[in-house]
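Engineer: Chain by chain, the residues run as shown.
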Amino acid sequence: MRRFASLVLVVALVAVACGDDDTAVTTVPATTDTTTASSAFPVTVNGVTIPERPERIVSASGAHTEILFAIGAGDQVVATDTFSDFPAEALETGKFDGFNISVEAVASLDPDLVILFFDPGDVVAGLDELGIPTLLFGPPTTLENAFDQWLALGAATGNVAGAEQSVRAADEEIAEITAGLPIPSSPLTYYYELDPSGFSVTSDSFVGSLLGMLGLESIADSTDTAFPQLSTEFIVESDPDWIVLADTVCCDANAATLAERPGWDQMSAVAEGRVVELDDSVASRWGPRIVDLVGDVAETVYGPNG
Amino acid sequence: MTATPAPLRLALLAGGGLAAALVIGLMVGPASLGPGEVLAEVADRMPFVSLDSGLSEREASILWDIRAPRVVLGMLVGAALAGSGAAYQGVFRNPLADPYLLGVAAGAGLGATIVIVFAGPGSVLVPLAAFVGAIAAVVATYGLGAAAGGRRTGLTLILAGVAMASFLTALQTFVQQQNTDVIREVYSWILGRLGTAGWGEVRLMLPYAAVSFVALVLHRRLLDVLAVGEEEAGTLGVRPALVRGVVVVAASLAAAAAVAVAGLIGFVGIIVPHTVRLLAGPSYRRIVPLSLVAGAAFLVLADVAARSVLSPAEIPIGVVTAFVGGPFFLLVLRTARKGLA
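Protein sequences appear in the order of chains A and B.
For the first sequence, the positions run 1 to 306 when this note's numbering is used.
For the second sequence, the positions run 1 to 341 when this note's numbering is used.
Source of the hints: derived by calculation from the structure; they are not laboratory data.
Do not take every clue at face value.
Covered stretches of chain B (in silico footprint by chain A; criterion: 3 or more residues with CB under 8 Å from a CB of chain A, positions within the stretch not fixed) [stated by the list, open to error]:
1. 30 to 43
2. 58 to 69
3. 169 to 183
4. 193 to 204
5. 299 to 313
Below 25 Å or equal to it, Euclidean Cα-Cα: the simulated SDA-like pairs (lysine to any residue) are [what the hints assert, rightly or not]:
6. Lys-95/A - Thr-173/B
7. Lys-95/A - Ala-170/B
8. Lys-95/A - Gly-120/B
9. Lys-95/A - Val-319/B
10. Lys-95/A - Val-282/A
11. Lys-95/A - Val-117/B
12. Lys-95/A - Pro-120/A
13. Lys-95/A - Asp-128/A
14. Lys-95/A - Ala-105/A
15. Lys-95/A - Ile-183/B
16. Lys-95/A - Ser-108/A
17. Lys-95/A - Ile-50/A
18. Lys-95/A - Gly-126/A
19. Lys-95/A - Asp-112/A
20. Lys-95/A - Phe-174/B
21. Lys-95/A - Asn-179/B
22. Lys-95/A - Asp-181/B
23. Lys-95/A - Asp-280/A
24. Lys-95/A - Ala-336/B
25. Lys-95/A - Asp-279/A
26. Lys-95/A - Leu-130/A
27. Lys-95/A - Thr-180/B
28. Lys-95/A - Thr-196/B
29. Lys-95/A - Glu-37/B
30. Lys-95/A - Thr-141/A
31. Lys-95/A - Val-175/B
32. Lys-95/A - Val-78/A
33. Lys-95/A - Gln-178/B
34. Lys-95/A - Asp-85/A
35. Lys-95/A - Tyr-187/B
36. Lys-95/A - Glu-129/A
37. Lys-95/A - Leu-171/B
If you anchor each label on the Cβ, the simulated ranges turn out as follows [to be verified]:
38. Gly-303/A - Val-139/B: 57 to 63 Å
39. Asp-239/A - Val-309/B: 47 to 53 Å
40. Ala-210/B - Glu-92/A: 52 to 58 Å
Owing to the predicted nature of the structure, the values given are computational and were not obtained by experimental measurement.
Ideal Cβ placement from N, Cα and C applies to all residues, glycine included.
From just these sequences and the hints, can you work out the full model?
Structural biologist: Okay, here's the thing in structure tokens:
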């Protein structure tokens, strides 16, 4: 059973990884490796066969809930986890504990498609045993990677056109934001804060790749992991051009509380107010609101007319 | 080297080790401050000395506002964990006793979680609530031990502590599950915050550490008397329950203060006292004060490793204490056995 679960996981990961490699953003709408362009069922997405158009979707992922509603699959969603708080309609669906996802709780919702972004342990295998099609999409590392997941969700839910349109719109809006930005020749550096204990991201992470499109470079790039915990003295010594906070809601981080931290007033970004305050959940998801994320950062860094 | 070295030599060794650890702690870190400049900057702060260290204002701030409080807090927390571990091991005559034995960690965790949930993120009350929770847990364990056994023997207290810790951990997990939005802050608190500490944390911890360290050192001889057994101690004119009460309160105070400012750091409370015991012999007259000093030096050095090995990334301090402490302890065990043979 366990071996089968790992196999499913591997297949899913490989499928996601391949999608990342061989599909460029602009060509994605025409062909995907996951489905034919029509919304004909049965359809096979990432190795999982969905027999007919799902009408009882359960999403255990805040990012994918946002994507489902954006591509027009909102009416098909019957339940979402406690972390799914956007859009407002998601709050009106059935709710279940997103921290301890139990196979039994999910199965009792009688779903015909389950979306996960991580498997806390044999949930995929358990749902599979019950014959419930389950798609596991891990966090993406690039924008293309994220768009592939939107399209795969479109295929899996019978909303191919909606997904293609969402991808095209987001792609165009991001291109519009990034076009004509006065990006300096040497990149502006930033410290991205996931929590007050110094957890950060490198430029290779998903959010790092978005900020990279704005000519920004993480101070964490000399580390080996995508989400390193940086030493405070290193952060202060690096004196980045910008500080981007993704812990404003969870941990009350903002320009004022930064200045109160010991030694932080020595950073020019703190002294001169070069701080971008992001909403935690917008910053941690890869749904349609990535456009807002890119737009907010661009506007703060380069000004409204940048 | 003889099996039990002279007390003076041991004291000099421990004191010298701590002094060296403090100097290394101030000189080594991810920010590239020159060792010579750091020494000049430290000397400049000494009375009657005036030196230009050449450090910029930002570099001086990194040294005094970020690195120095971290070193000092590491020293206090290390001493508190090792000292209270040694005291617990003596008072319960149980080599596996550690500072978290009577529910200090679980109580602190519950206190911190409740404040994070109800007072909102970033509340200044979190260390205070952790401290109150830790003390309340020990008091409850004591009460439970009394209710269970009539006489609070060491064993009933240990069992009561295990039950109390499980109960409080269950409560903490429940509160946290009902408020999943705070999980990030709760975990980041539990995993420890030595790395983001400032002088504020040092000031919070210092009074409790001072009182408790003095109490532990003053009672170290009585721990030796307790070691012969409760009834025998009674015939020697010692009141075992009273001594145990005082020592447990002092040790719990130190452990609670350590947990409140630095989160959970495992292993120090077991590894340091046992290493001291192997090197200095079984008398608590030596084990208690030497554990305080050695624990301080050990945690300062472990924290140097935590911030330097993967610099500029941090390694959780608990990982370092277990990873370095375990093999080091085995080495000491091996050497000591050979020495005794």
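Engineer: It remains to establish, for every hint, whether it holds in the given structure.
Structural biologist: Now the hints, each set against the structure:
1. Residues of the segment 30 to 43 of chain B with a Cβ under 8 Å from some Cβ of chain A number 3, which satisfies the need for three, so the listed coverage holds.
2. Using a Cβ-Cβ cut-off of 8 Å, 8 residues of the segment 58 to 69 of chain B lie near chain A, which meets the minimum of three, so the contact claim holds.
3. Only residues whose beta carbon comes within less than 8 Å of a beta carbon in chain A count, and the segment 169 to 183 of chain B has 5; three or more means the coverage holds.
4. Counting residues of the segment 193 to 204 of chain B whose beta carbon lies closer than 8 Å to any beta carbon of chain A gives 6, which reaches the threshold of three, so the coverage claim holds.
5. Counting residues of the segment 299 to 313 of chain B whose beta-carbon sits less than 8 Å from any beta-carbon of chain A gives 5, enough to reach three: the coverage restraint holds.
6. Between Lys-95/A and Thr-173/B, the direct Cα distance comes to roughly 20 Å. Compliance with the 25 Å bound is thereby established for this hinted pair.
7. Restraint check: the Cα-Cα separation between Lys-95/A and Ala-170/B comes to about 23 Å, which is no more than 25 Å; the hinted pair holds.
8. For the given pair, Lys-95/A sits about 24 Å from Gly-120/B by alpha-carbon distance, which is consistent with the 25 Å threshold.
9. Restraint check for Lys-95/A and Val-319/B: the C-alpha separation of about 37 Å exceeds 25 Å, so the hint is violated.
10. At roughly 20 Å between alpha-carbon atoms, Lys-95/A and Val-282/A fall within 25 Å of each other, so this suggested pair holds.
11. For the given pair, Lys-95/A sits about 21 Å from Val-117/B by alpha-carbon distance, which is consistent with the 25 Å threshold.
12. For the proposed pair Lys-95/A and Pro-120/A, the alpha carbon gap of about 18 Å is at most 25 Å, so the pair holds.
13. Taking the CA atoms of Lys-95/A and Asp-128/A, the gap is about 21 Å. The hint holds against a cut of 25 Å.
14. Among the hinted pairs, Lys-95/A with Ala-105/A is consistent with the structure: their alpha-carbon atoms are about 10 Å apart, no more than 25 Å.
15. Using a Cα cut-off of 25 Å, the hinted pair Lys-95/A and Ile-183/B holds, with the two alpha carbons roughly 18 Å apart.
16. At roughly 12 Å between alpha-carbon atoms, Lys-95/A and Ser-108/A fall within 25 Å of each other, so this suggested pair holds.
17. Our distance criterion of 25 Å between C-alpha atoms is met by Lys-95/A and Ile-50/A, whose separation comes to about 23 Å.
18. About 20 Å separates the Cα atoms of Lys-95/A and Gly-126/A, which keeps this hinted pair within 25 Å; it holds.
19. With a C-alpha separation of about 16 Å, the suggested pair Lys-95/A and Asp-112/A falls inside the 25 Å cut-off, and the hint holds.
20. Of the supplied pair hints, the one linking Lys-95/A and Phe-174/B holds, its CA atoms being roughly 18 Å apart against a limit of 25 Å.
21. For the hint linking Lys-95/A to Asn-179/B, the alpha-carbon distance of about 14 Å falls within 25 Å, and the restraint holds.
22. Distance restraint check for Lys-95/A and Asp-181/B: the Cα-Cα separation of roughly 15 Å lies within the 25 Å cut-off, and the hinted pair is therefore satisfied.
23. With a C-alpha separation of about 21 Å, the suggested pair Lys-95/A and Asp-280/A falls inside the 25 Å cut-off, and the hint holds.
24. Note on Lys-95/A and Ala-336/B: the hinted pairing is violated, with a Cα-Cα distance of about 60 Å set against a maximum of 25 Å.
25. Straight-line distance between C-alpha atoms of Lys-95/A and Asp-279/A comes to about 22 Å, which keeps the hinted pair within the 25 Å bound.
26. For the given pair, Lys-95/A sits about 21 Å from Leu-130/A by alpha-carbon distance, which is consistent with the 25 Å threshold.
27. Pair hint Lys-95/A plus Thr-180/B holds up; C-alpha atoms about 13 Å apart against a cutoff of 25 Å.
28. For a cut-off of 25 Å, the pair hint linking Lys-95/A to Thr-196/B is broken: about 37 Å separates their Cα positions.
29. At most 25 Å may separate the alpha-carbon atoms for a hinted pair to count; Lys-95/A and Glu-37/B exceed this at roughly 59 Å.
30. For a cut-off of 25 Å, the pair hint linking Lys-95/A to Thr-141/A is broken: about 28 Å separates their Cα positions.
31. Restraint check: the Cα-Cα separation between Lys-95/A and Val-175/B comes to about 18 Å, which is no more than 25 Å; the hinted pair holds.
32. Distance hint between Lys-95/A and Val-78/A is fulfilled; the C-alpha atoms sit about 9 Å from each other, no more than 25 Å.
33. A distance of roughly 13 Å separates the Cα atoms of Lys-95/A and Gln-178/B; the hinted pair therefore holds under the 25 Å criterion.
34. With a C-alpha separation of about 10 Å, the suggested pair Lys-95/A and Asp-85/A falls inside the 25 Å cut-off, and the hint holds.
35. Using a Cα cut-off of 25 Å, the hinted pair Lys-95/A and Tyr-187/B holds, with the two alpha carbons roughly 24 Å apart.
36. With a CA separation close to 23 Å, the supplied pair Lys-95/A and Glu-129/A stays within the 25 Å bound.
37. Proximity of Lys-95/A to Leu-171/B is assessed by CA-CA distance (about 23 Å); at most 25 Å being required, the pair is judged to hold.
38. A beta carbon spacing of about 58 Å between Gly-303/A and Val-139/B agrees with the range 57 to 63 Å that was offered as a hint.
39. Against the hinted window of 47 to 53 Å, the Cβ-Cβ separation of Asp-239/A and Val-309/B comes to about 24 Å, which falls outside the hint.
40. Between Ala-210/B and Glu-92/A the beta carbons are some 57 Å apart, a value that agrees with the proposed interval 52 to 58 Å.
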